[in-house]
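Chains as they are written, first to last, in my numbering: chain A, 1 to 252; chain B, 1 to 478; chain C, 1 to 416.
Just so you know, these hints were derived from the structure itself, not from any lab.
Computed from a predicted structure; not experimentally measured.
There may be inaccurate statements among the hints.
To be verified - Straight-line distance between alpha carbons at most 20 angstroms, and here's what the computed SDA-like set of lysine to any residue pairs gives: (1) B:K349 with C:S332; (2) B:K455 with A:P91; (3) C:K302 with B:Q413; (4) C:K302 with B:T411; (5) C:K231 with C:G174; (6) C:K218 with C:G159; (7) C:K302 with B:R408; (8) B:K377 with C:I361; (9) B:K377 with C:D334; (10) B:K349 with C:G359; (11) B:K64 with C:S34; (12) B:K43 with B:F151; (13) B:K349 with B:R408; (14) B:K451 with A:P91; (15) B:K377 with C:K273; (16) A:K52 with B:T438; (17) B:K70 with C:N38; (18) C:K273 with B:R408; (19) A:K108 with B:T438; (20) B:K349 with C:D334; (21) B:K55 with B:Y84; (22) B:K364 with C:E318; (23) A:K108 with B:E439.
Claimed, not checked - Derived list of chain B stretches under chain A, where covered just means 3 residues or more per stretch with a C-beta under 8 angstroms from a C-beta of chain A: (24) 420 to 428; (25) 436 to 444.
From the three backbone atoms N, C-alpha and C, an ideal C-beta is built for every residue, glycine too.
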Amino acid sequence: MLSIQNLHVQVEEKEILKGINLEVKPGELHVIMGRNGTGKSTLANVLAGRDKYTVPQGNITFNNESLLDKTPEDRACSGLFLSFQYPVAIPGVNNMYFLKAAVNAIRKSRGQDEMDAIDFLAMVREKLKEVALDESFIHRPVNDGFSGGEKKRNEILQMITLEPQLSILDETDSGLDIDALKIVAQGVNDYRSPERSFILITHYQRILNYMQPDFVHVLMNGKLVKSGTMELANELEEKGYSWIEKELTAAD
Amino acid sequence: MENEIIKKSIAEEYKYGFETKVAQDTFPPGLDEGVIRALSDIKGEPEWLLEWRLKAYHHWLNMKEPTWAKVHYPPIDYQSISYYSAPKKKTLNSLDEVDPEILDTYNKLGIPLDEQKMLAGVAVDAVFDSVSVATTFKDTLKKAGVIFCSFSEAVKDHPELVQKYLGSVVPYTDNFYATLNSAVFSDGSFVYIPKGVRCPMELSTYFRINAANTGQFERTLIVADEGSHVSYLEGCTAPMRDENQLHAAVVELVALGNAEIKYSTVQNWYPGDKEGKGGIYNFVTKRGACRGDKSKISWTQVETGSAITWKYPSCILQGNDSVGEFYSVALTNNFQQADTGTKMIHLGKNTKSTIISKGISAGKGQQTYRGEVKIMKSAENSRNFSQCDSILIGDECGAHTFPYIDVRNSTAQMEHEATTSNIGEDQLFYCNQRGISTEDAVSLIVNGFCKEVFKELPMEFAVEAQKLMEVSLEGAVG
Amino acid sequence: MMESITTDSIRTSILSEEASLAWEYFKQEGYPNSTHENWRFSNPEPFLLKNAPVISEKLDFSRDEFDFLMHTDATNVFIVNGKVLVPETLPEGMKLIHYHSDIQEIHTNEKVGGVADIHASPFIAENTALFQSCTVINVTEGRKIEQPLHLIQINLGTGENRIFPRLLLNLQPGSQLHIRETEYSGDSHSWYVNGVTECIIHENAHLTWNTLQKRNEKSGQFSSFNAALEKDAALSYSSIELGCSFLRRDANIHLHSPGSDCSFNSLFLPSGKQHIDISTVMHHESPHCSSRQLVKGILADKSTGVFRGLANVYKEAEKTNAHQTNQNLLISPDARMNSIPQLEIYEDDVKCSHGSTTGQIDEDSLFYLQSRGISRKDGIQLMVKGFANEVVEKCNDETFSKIVSQAIESKLGGFL
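All chains should be built: construct the whole structure from the sequences, respecting the hints.
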């Protein structure tokens, strides 16, 4: 479904990603771990099409189509979703209105009819239950004045409403208390299916207590330096990252 | 029934034609006492009105054009303007002759075909739907005792009311443009709501039809007698082409005890082209007096048109417990300039005023909010709340906020807030990532920004206003 | 009006060229009146004392008479009628010069008049033409001077006089200075004070400037504080305005280079028929600069107050943060306040806001205090002091805050 080949990324002349290779197949959940500042969020933003990054080398395909020359909205319409590390507040625009605009933009791109307000509200009411939010939530301005937990739950609400094929969750677990974390994890688990894939970016192993990843990768110095399964995550939790560094220098 | 309406309409058309036949169609350019006398004569005005016009004219001769507003334009030659022209001087034969760009906008705004013709200046049949609708409206209004007619008709049919209230809120000495208007006003509307009457409809559709030819020096007078209520809608969301570059209108509102006037405007005069050529100079004086206790005047405006807007709808809160409100959305794109705001003068006890102003600048647009809140010594326990927010789109535009706050009574409470921000790249990216295009995202954010004002507009106007914002902002974000 | 101006003699010694240019401009402009937009609510006319003599020093000044104004924890420097009395010892790294007609050489890199633009106000032009001596303070590069420098500005004479104090402060890159200024009248005559202060705050230098203004209630003062901030420089300015019959305090702050930061605070407490006008212009000339203004007025009796604050964001000054707050408390039915907070913005990527409130003491809060056993009078005192405190705390100087609080309390005691 998603294929990243030798991806190099620069910001203002500085190379941040130095050759990433990753294959994500339908139904898989990949976890990318790494310390702060190793380029995890850069990878997420490049996938979503943020324009401040340049890609001097490499390629990304999504469902066999090249992603790099598409606008962010085209990528979203083709089924790629990014849960932001810092969801953006849009004062004055209510959540429901925003979500309806997004749903209809995506439906339109798929050649489906736009949803009317009544059907939409009925659908969103169901989705709200899944993330344990009450209805007043969708009448508030987008992320404006939301607590950290509310913002992340709002991201999950948007995910399950927009029904993407590939969801990239950028530090969706950070800043959450344990209850909110469980709700977010449950939201993701319920959404999993053989057609839907996930890339979960985090630097804590904590959320993995509530999710079952297929693969765990370590991002370091702009590369995915180690890949494994849940066991790798456990090892990282226990020993930190420095042993991998040692392994790498030894290999050099 | 239908036949009668048609007959009536034709008769009205004819009546108009008959009047103009006597005089020339258009005066040669220039302004002197003779022009004013001739103008008054054509309109068959009584002596007192001519006197009033002449007093204004002589006063105007000694006035200087104001320069304090933050707008720039080449000097206007007041002698090169023709001060009278018969209505509908330019008639096209069909919509094919109209600038396709304008037609495109009409279609985007969803304006019915007949109305498109009317707005664009295409000759319209007498059976034109809205005219008959208007006539039906007139009957309903008549039953309620509401007087709603052109200013010229009012001078003929209700001279005592006109004489009593004309210039009582905006005196002929008021300011350069208002004084000029007092001397040469062409026509306009007159509304009188009798005691205790709630006007049975929004005074809108009718006006929309008639607004097209009221000319550049328009005069509106609305009087709401004790305990009455009226909502008046002015303007139209479609861009109005006009040959006249200078517009200097005057609107006077009088609300007596317990009366309420709601005045909504959508102004979308021709703003000039993308290079800043052409466009209307809109120098308008609008003021309402809350004369009686517990009276209320509420101004709502959506200003997207004109090359230059100079406009400060104001309230004089004389009656105790009277209320003044001002809700405004102003948008400047390309080379448009707007210097707009309000004045709230608190004189009576327990008077309240609210100001919500939302400014959007894009392109090379320059926009100034200029407001004055004056709480006089007599205005005990008065309150004001003002909020002026600006959004900037692009880095070549400007937004300026100049509130004047004058408090002379310690029991007063006044609060003013202003913010300026931009539409952030982060916000746009966030919307893009959810599948919403940049253009849609901008209009989403702008409509959210303007929500507090749009909700003050009558329902159908609010929907049009939203669409209008979208059309006006097209191409603002590249 | 002009006749009385032209009898003044402009300086012919130091900076004579600047003096004559400034004089030309001043003659052309004249004194402002209420038809000038920037003077709409302040009429200087009765306070100009056009026929009073201009003086520039006081020969028989005795420091002992005014030792009560000195602060034990600071370097105290007297400036009498605009002439500085240079102390024998100064902290290391600081130079203090009395720049006057006997000196021909300029001792700093920056010229007098480099920051205070004569076109910004006729009063700056008048001062630039007529000042007879100038205090120049210079702090060496990288020097952080811990001990506050206390400038005691005294006017003292035997009748009505005019003075034109001038001060130039130059903070070299990376230096730091904390200034306290006390403006005081040594007599009870009517004075005309037209003072100009200029500060050049170089890269990464930090200046704290706190002024306590206690002129006698007959005097008229027209002072301007002008500062230019270079890269990453910071200025924290606070003034507490208690005295004067008429005060106009102009602040012209130029955020000239990226990363500079200014916090401007002012508290004014007019009573009787005092008139206090605080006018600020924050010039955001560069990207990534921030400014915060907090101006509070407590107005008693028949006093009047004006706040005119402008945040001017120049084109290309992106990522500007400019905020302005003005709050006024009217504690008498006859007081009057004019507030004109203004934003002028030519750049889109900015965050700017202003807020202004004017009102009286909140009756609900007062009732709450009373219900807890506090008398109405004490309750009002408490709330007014609380209102004032926000500005006092911004001074970031314990000694100064204590002195200021006492001065405020004793003034409040007069009318509460």
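Evaluated hints:
1. B:K349 with C:S332: holds, 17 angstroms
2. B:K455 with A:P91: holds, 16 angstroms
3. C:K302 with B:Q413: Holds, because 18 angstroms separates the two Cα atoms, which is no more than 20 angstroms.
4. C:K302 with B:T411: holds, 15 angstroms
5. C:K231 with C:G174: It holds: about 10 angstroms lies between the C-alpha atoms, which stays within 20 angstroms.
6. C:K218 with C:G159: holds, 12 angstroms
7. C:K302 with B:R408: holds, 10 angstroms
8. B:K377 with C:I361: It holds: about 18 angstroms lies between the C-alpha atoms, which stays within 20 angstroms.
9. B:K377 with C:D334: holds, 8 angstroms
10. B:K349 with C:G359: holds, 15 angstroms
11. B:K64 with C:S34: holds, 19 angstroms
12. B:K43 with B:F151: holds, 11 angstroms
13. B:K349 with B:R408: holds, 13 angstroms
14. B:K451 with A:P91: holds, 11 angstroms
15. B:K377 with C:K273: The given pair, whose Cα atoms are some 17 angstroms apart, holds under the 20 angstroms limit.
16. A:K52 with B:T438: It holds: about 16 angstroms lies between the C-alpha atoms, which stays within 20 angstroms.
17. B:K70 with C:N38: holds, 15 angstroms
18. C:K273 with B:R408: Between K273 of chain C and R408 of chain B the Cα gap is close to 14 angstroms, so the pair holds against 20 angstroms.
19. A:K108 with B:T438: Since the Cα atoms of K108 of chain A and T438 of chain B sit roughly 16 angstroms apart, the hinted pair holds (cutoff 20 angstroms).
20. B:K349 with C:D334: The given pair, whose Cα atoms are some 16 angstroms apart, holds under the 20 angstroms limit.
21. B:K55 with B:Y84: holds, 19 angstroms
22. B:K364 with C:E318: The given pair, whose Cα atoms are some 16 angstroms apart, holds under the 20 angstroms limit.
23. A:K108 with B:E439: Within the cut-off at roughly 16 angstroms; holds.
24. 420 to 428: holds (count 3)
25. 436 to 444: With 5 residues in contact (Cβ-Cβ under 8 angstroms with chain A), the coverage given for the stretch 436 to 444 of chain B holds.
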